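S.K.: Chains as they are written, first to last, in this note's numbering: chain A, 1 to 351; chain B, 1 to 351; chain C, 1 to 351.
Since the hints were derived computationally from the structure, they do not count as laboratory data. Heads up, some of the hints might be wrong.
You can't tell identical chains apart in this list, so a pair holds if it fits in one copy or across any two.
Cut-off 20 Å, straight-line C-alpha distance, at most; resulting in silico cross-link-like pairs (EDC-like, lysine to aspartate or glutamate) [claimed, not checked]:
no., residue 1, residue 2
1, 313, 340
2, 194, 53
3, 194, 205
4, 194, 340
5, 194, 150
6, 331, 21
7, 320, 308
8, 194, 328
9, 320, 294
10, 3, 150
11, 194, 88
12, 321, 293
13, 39, 9
14, 194, 78
15, 313, 324
16, 39, 108
17, 313, 293
18, 194, 204
19, 39, 222
20, 54, 75
21, 39, 308
22, 320, 293
23, 54, 278
24, 313, 338
No experiment lies behind these values; they were computed from the predicted model shown.
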Amino acid sequence: MPKAFRLRELAEHVGGTVRGDPDREIRGIATLAEAGPDKISFLTNPRYRAEAEKTRAGALIVPPGGGVAGHDLLEAAEPYLAFARLLELFHPPAARPVGISPSASIGEGVRLGDSVAVAPFAVIEDGSSIGDRVVVGPGCVIERDCSVGEETVLRPRVVLYAGTRVGRRCLLHSGVVLGGDGFGFATSEGVHHKVPQLGRVVIEDDVELGANTTVDRGTLGDTVIERGTKIDNLVMVAHGVRIGRRSILAAQSGIAGSTSVGPGSTFAGQAGAAGHLDIAEGVVVAAKSAVFEDLPPGAFVAGIPAVDHRRWKRAQVVFKKLPELRAEVRKLRERVAELEQALGRSEEADS
Amino acid sequence: MPKAFRLRELAEHVGGTVRGDPDREIRGIATLAEAGPDKISFLTNPRYRAEAEKTRAGALIVPPGGGVAGHDLLEAAEPYLAFARLLELFHPPAARPVGISPSASIGEGVRLGDSVAVAPFAVIEDGSSIGDRVVVGPGCVIERDCSVGEETVLRPRVVLYAGTRVGRRCLLHSGVVLGGDGFGFATSEGVHHKVPQLGRVVIEDDVELGANTTVDRGTLGDTVIERGTKIDNLVMVAHGVRIGRRSILAAQSGIAGSTSVGPGSTFAGQAGAAGHLDIAEGVVVAAKSAVFEDLPPGAFVAGIPAVDHRRWKRAQVVFKKLPELRAEVRKLRERVAELEQALGRSEEADS
Amino acid sequence: MPKAFRLRELAEHVGGTVRGDPDREIRGIATLAEAGPDKISFLTNPRYRAEAEKTRAGALIVPPGGGVAGHDLLEAAEPYLAFARLLELFHPPAARPVGISPSASIGEGVRLGDSVAVAPFAVIEDGSSIGDRVVVGPGCVIERDCSVGEETVLRPRVVLYAGTRVGRRCLLHSGVVLGGDGFGFATSEGVHHKVPQLGRVVIEDDVELGANTTVDRGTLGDTVIERGTKIDNLVMVAHGVRIGRRSILAAQSGIAGSTSVGPGSTFAGQAGAAGHLDIAEGVVVAAKSAVFEDLPPGAFVAGIPAVDHRRWKRAQVVFKKLPELRAEVRKLRERVAELEQALGRSEEADS
Numbered sequence: 001m002p003k004a005f006r007l008r009e010l011a012e013h014v015g016g017t018v019r020g021d022p023d024r025e026i027r028g029i030a031t032l033a034e035a036g037p038d039k040i041s042f043l044t045n046p047r048y049r050a051e052a053e054k055t056r057a058g059a060l061i062v063p064p065g066g067g068v069a070g071h072d073l074l075e076a077a078e079p080y081l082a083f084a085r086l087l088e089l090f091h092p093p094a095a096r097p098v099g100i101s102p103s104a105s106i107g108e109g110v111r112l113g114d115s116v117a118v119a120p121f122a123v124i125e126d127g128s129s130i131g132d133r134v135v136v137g138p139g140c141v142i143e144r145d146c147s148v149g150e151e152t153v154l155r156p157r158v159v160l161y162a163g164t165r166v167g168r169r170c171l172l173h174s175g176v177v178l179g180g181d182g183f184g185f186a187t188s189e190g191v192h193h194k195v196p197q198l199g200r201v202v203i204e205d206d207v208e209l210g211a212n213t214t215v216d217r218g219t220l221g222d223t224v225i226e227r228g229t230k231i232d233n234l235v236m237v238a239h240g241v242r243i244g245r246r247s248i249l250a251a252q253s254g255i256a257g258s259t260s261v262g263p264g265s266t267f268a269g270q271a272g273a274a275g276h277l278d279i280a281e282g283v284v285v286a287a288k289s290a291v292f293e294d295l296p297p298g299a300f301v302a303g304i305p306a307v308d309h310r311r312w313k314r315a316q317v318v319f320k321k322l323p324e325l326r327a328e329v330r331k332l333r334e335r336v337a338e339l340e341q342a343l344g345r346s347e348e349a350d351s
Numbered sequence: 001m002p003k004a005f006r007l008r009e010l011a012e013h014v015g016g017t018v019r020g021d022p023d024r025e026i027r028g029i030a031t032l033a034e035a036g037p038d039k040i041s042f043l044t045n046p047r048y049r050a051e052a053e054k055t056r057a058g059a060l061i062v063p064p065g066g067g068v069a070g071h072d073l074l075e076a077a078e079p080y081l082a083f084a085r086l087l088e089l090f091h092p093p094a095a096r097p098v099g100i101s102p103s104a105s106i107g108e109g110v111r112l113g114d115s116v117a118v119a120p121f122a123v124i125e126d127g128s129s130i131g132d133r134v135v136v137g138p139g140c141v142i143e144r145d146c147s148v149g150e151e152t153v154l155r156p157r158v159v160l161y162a163g164t165r166v167g168r169r170c171l172l173h174s175g176v177v178l179g180g181d182g183f184g185f186a187t188s189e190g191v192h193h194k195v196p197q198l199g200r201v202v203i204e205d206d207v208e209l210g211a212n213t214t215v216d217r218g219t220l221g222d223t224v225i226e227r228g229t230k231i232d233n234l235v236m237v238a239h240g241v242r243i244g245r246r247s248i249l250a251a252q253s254g255i256a257g258s259t260s261v262g263p264g265s266t267f268a269g270q271a272g273a274a275g276h277l278d279i280a281e282g283v284v285v286a287a288k289s290a291v292f293e294d295l296p297p298g299a300f301v302a303g304i305p306a307v308d309h310r311r312w313k314r315a316q317v318v319f320k321k322l323p324e325l326r327a328e329v330r331k332l333r334e335r336v337a338e339l340e341q342a343l344g345r346s347e348e349a350d351s
Numbered sequence: 001m002p003k004a005f006r007l008r009e010l011a012e013h014v015g016g017t018v019r020g021d022p023d024r025e026i027r028g029i030a031t032l033a034e035a036g037p038d039k040i041s042f043l044t045n046p047r048y049r050a051e052a053e054k055t056r057a058g059a060l061i062v063p064p065g066g067g068v069a070g071h072d073l074l075e076a077a078e079p080y081l082a083f084a085r086l087l088e089l090f091h092p093p094a095a096r097p098v099g100i101s102p103s104a105s106i107g108e109g110v111r112l113g114d115s116v117a118v119a120p121f122a123v124i125e126d127g128s129s130i131g132d133r134v135v136v137g138p139g140c141v142i143e144r145d146c147s148v149g150e151e152t153v154l155r156p157r158v159v160l161y162a163g164t165r166v167g168r169r170c171l172l173h174s175g176v177v178l179g180g181d182g183f184g185f186a187t188s189e190g191v192h193h194k195v196p197q198l199g200r201v202v203i204e205d206d207v208e209l210g211a212n213t214t215v216d217r218g219t220l221g222d223t224v225i226e227r228g229t230k231i232d233n234l235v236m237v238a239h240g241v242r243i244g245r246r247s248i249l250a251a252q253s254g255i256a257g258s259t260s261v262g263p264g265s266t267f268a269g270q271a272g273a274a275g276h277l278d279i280a281e282g283v284v285v286a287a288k289s290a291v292f293e294d295l296p297p298g299a300f301v302a303g304i305p306a307v308d309h310r311r312w313k314r315a316q317v318v319f320k321k322l323p324e325l326r327a328e329v330r331k332l333r334e335r336v337a338e339l340e341q342a343l344g345r346s347e348e349a350d351s
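All chains, please: the whole structure from these sequences, using the hints.
M.R.: Structure follows, in structure tokens:
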């Protein structure tokens, strides 16, 4: 039996306003295509307006004034946030499991907090510290002298190399590897000599790391992901990098060694940054772009190498028409040569 | 003792035609460089013709009329397919293992089909259903309420998050993670609030997923990989994506959230598509390219952003010569200025 | 109690020269920012000269003549190599663990060398051979008939598919998958038929492979990583590839099937190479670039497609200014038209 709420209750829950029937009963939240009359759906991306006009949903979450005729509306100043909160209301997170599996392997001197869950075949090595209400999924490996803060969840098969620090309320998805050796070699006469990697990985509070993402330990200093930063799947963060708080790294992006990224920055999918850069706060790097220079605060860049986003866009428009541009230049050359001839001038300048 | 076949038997097996000695005895299949007189090799890529002329192979699989002097030939309309079938003939797949390891962890209410194999340290959580003849490799984690169809093989260390559906005859390589949370956040005053990810991952029949590839669950709807699609290593398929049947995603490619890719499409290596796109059937995206717009059926695109493949190629040719083009434009400017002077015109237009 | 050395002892250890007080006591090595008077730091990247001038470090490793006023100096011809050696001196590697965990799973006919360590929940299948002093981390899976050479270390959760060969003194980081099926399909009438992948992965001596990197087995021949090559995280090496000795593949780079890369080559981050290429020795491919053609020895290339690095750089400079170049061409066209008119010529040439 799903939960049911009146539309006005939902509006109160998210601080929004009802346009239409405040007593309409809503029993869930669904996509525009799948919602029926007892469901609320949402229009947060104008791309889907046509679909919104045809939806059978009983109500829609919309931005103020973003209404769609024929539906009861829940107007919210931040409709996507309202959507997230109603999802939680209808689907509260499952209770965390509790207890230590007898088929986990727990080392000596391990500190386990209250209400911890450790799943089968997890390994926690000597001297590590696991905070209250932490969940360690099946097959995770926490090497020696790590610490994991309260309420952090490690999904199956996460690996923390020795000395890694993870903050509170983090979510680490399957296949994450924290603390692998930074990729540092001193090359002499063609032979690559390994540079010992002695720093740590430090993940602050409220960080999420996507599946199969890797963060390498620093050579001497630490590699740090500051609080509130969210990182998607298959991302690479190299040794000695610092990612400022509340940043976003989308899937398959990568940050090379010793680069610092300021708070509130965004790397879109498959983007990258070279090493030893100083990237300021609030920077946005477009998908598939590559940063090769320091960036000032608030820069929005695109391209390889990344330049100002508008400049890149205008250049791209011309790029597509380069064959035509070249043809035009050739034609002009002919016309100029004809003019020169008509004026009796030699064509010495022709190249 | 390797198997031996007459060349005509091999031709019958693949529906091909012998040019040369039908009774030649063939005891295996090998590369052009390594094959000896009792082996058959193949010439399916014209790049290797010079090598084919020097091979010691006793026979060659070739396309009709694609012969190489001095060898017995097996002509096949689809020589690469014939090659695949002969490989199977000489190297039939090993028998699947059967039985549940005593060191696997099986939850309550798990349904295990006939002749299932579950390897050591695999975890199958409550309520999941494993079809007949399925192989679950060492260290795999199948969370609660998943289903895995008949004859599907999970190689070591595959993770299925709760609720994931995998069809029949699929092959999931090591490190695959299905059902991780979609990368969805509602950002308010710089704080990224997690949007619950409630959809599932649905993998239809006959799908292959490469090592360390990740497919995220949808926010509300499902993320779907349709039947017969083949995905290479380290690929990212984001939340709410649908990949049409019999498509190909090569290594390190990525598809962002809510994008739909039509059947029979191909993404080459390190290619990508932005989110919320409608990419039609039979599309080809060249290696390292990035799709930022909807694509019509049969489009063949390249570049960042991806444009028609021929247009991109022609533009690239000019791109390489941009310094020369600019020099030519400067030279023309000088010549035009000289002409203007000769005609007594002011140079007001010069920029 | 940290180790202490005189500066002259450190200089002797690395074959360098002291400029300043040879008796200064040094108790460790630290970054420019964190080093105190009893620590040695280093200036190997000129980018950090300003920071070096402010450091509190008691001494600095510098290149010959690369001094910084006010510090005792250790001049070394290869300062980064000297830095690596001093790191090892102050932080000798921990002793390798030894012993077979009772919760590991060891198959039949497995050969285990002397002083081997096998961690909990590791699986070694029938017929595999593990050399002396090898470490097999928690949750590793070594399928049947593999061999691992002396002193090689497998960090947690490495997977070797059947038949894989790993040489001596290798370091394989967590999540590495060796021997997954090459991505080979024979497509007939839209259906992708799997081509059996029967070759092996062969990793020679002194190779390092980063976290979650994958190397696929060859179709018939082997995929080979030659000795001394170092590969970073999340790299893809496809079937039938050969990477020459002492090469470098940085994070998220990828090499497509059957391509051969010569010794001493470098692929920077997120770079790639198409399949069936012959890339010679000593090649450098810039970050984010994609090689689509054979390359001669010593080539240094950049771009998509990759061209000579200097050509690419010069073209990029013009690319950014394409809108201005186009505007200039349009202006020239107008000026030429005016000249033509002034001379009484028709404007037939205008396009």
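S.K.: How would you label the pair residue 194, residue 53 (within, between, both, or neither) given a Cα cut-off of 20 Å?
M.R.: neither (61 Å within a copy, 28 Å between copies)
S.K.: Using 20 Å as the alpha-carbon threshold, which applies to residue 313 and residue 324: within, between, both, or neither?
M.R.: both (18 Å within a copy, 13 Å between copies)
S.K.: From the Cα coordinates, with 20 Å as the cut-off, is the pair residue 194 and residue 340 best called within, between, both, or neither?
M.R.: The answer is neither: 66 Å in one copy and 66 Å across copies each exceed 20 Å.
S.K.: Checking residue 194 and residue 205: alpha-carbon separation at most 20 Å within a copy, between copies, both or neither?
M.R.: Between copies only: 14 Å across, 32 Å inside.
S.K.: Measure nothing new, just compare the shortest in-copy and cross-copy C-alpha distances for residue 313 and residue 340 to 20 Å and report within, between, both or neither.
M.R.: Cα proximity of residue 313 and residue 340: none, with 37 Å in one copy and 35 Å across.
S.K.: Checking residue 331 and residue 21: alpha-carbon separation at most 20 Å within a copy, between copies, both or neither?
M.R.: Close neither inside one copy (68 Å) nor across copies (62 Å); limit 20 Å.
S.K.: How do residue 39 and residue 9 come out at 20 Å by Cα distance, when the copy is not named: within, between, both, or neither?
M.R.: within (14 Å within a copy, 63 Å between copies)
S.K.: Please work out whether the CA atoms of residue 313 and residue 338 approach to 20 Å or closer within one copy, between two copies, in both situations, or in neither?
M.R.: For residue 313 and residue 338, the Cα distance exceeds 20 Å both inside one copy (36 Å) and across copies (32 Å).
S.K.: Could you figure out if residue 320 and residue 308 sit no more than 20 Å apart (CA to CA) within one copy, between two copies, both or neither?
M.R.: both (19 Å within a copy, 9 Å between copies)
S.K.: For the identical chains here, do residue 194 and residue 150 meet the 20 Å Cα criterion within one copy, between copies, both, or neither?
M.R.: between (36 Å within a copy, 18 Å between copies)
S.K.: For the identical chains here, do residue 3 and residue 150 meet the 20 Å Cα criterion within one copy, between copies, both, or neither?
M.R.: neither (30 Å within a copy, 36 Å between copies)
S.K.: At most 20 Å between CA atoms: does that hold for residue 54 and residue 278 within a copy, between copies, both, or neither?
M.R.: between (49 Å within a copy, 19 Å between copies)
Of the numbered hints listed earlier, those contradicted by the structure are 1, 2, 4, 6, 8, 10, 16, 21, 24.
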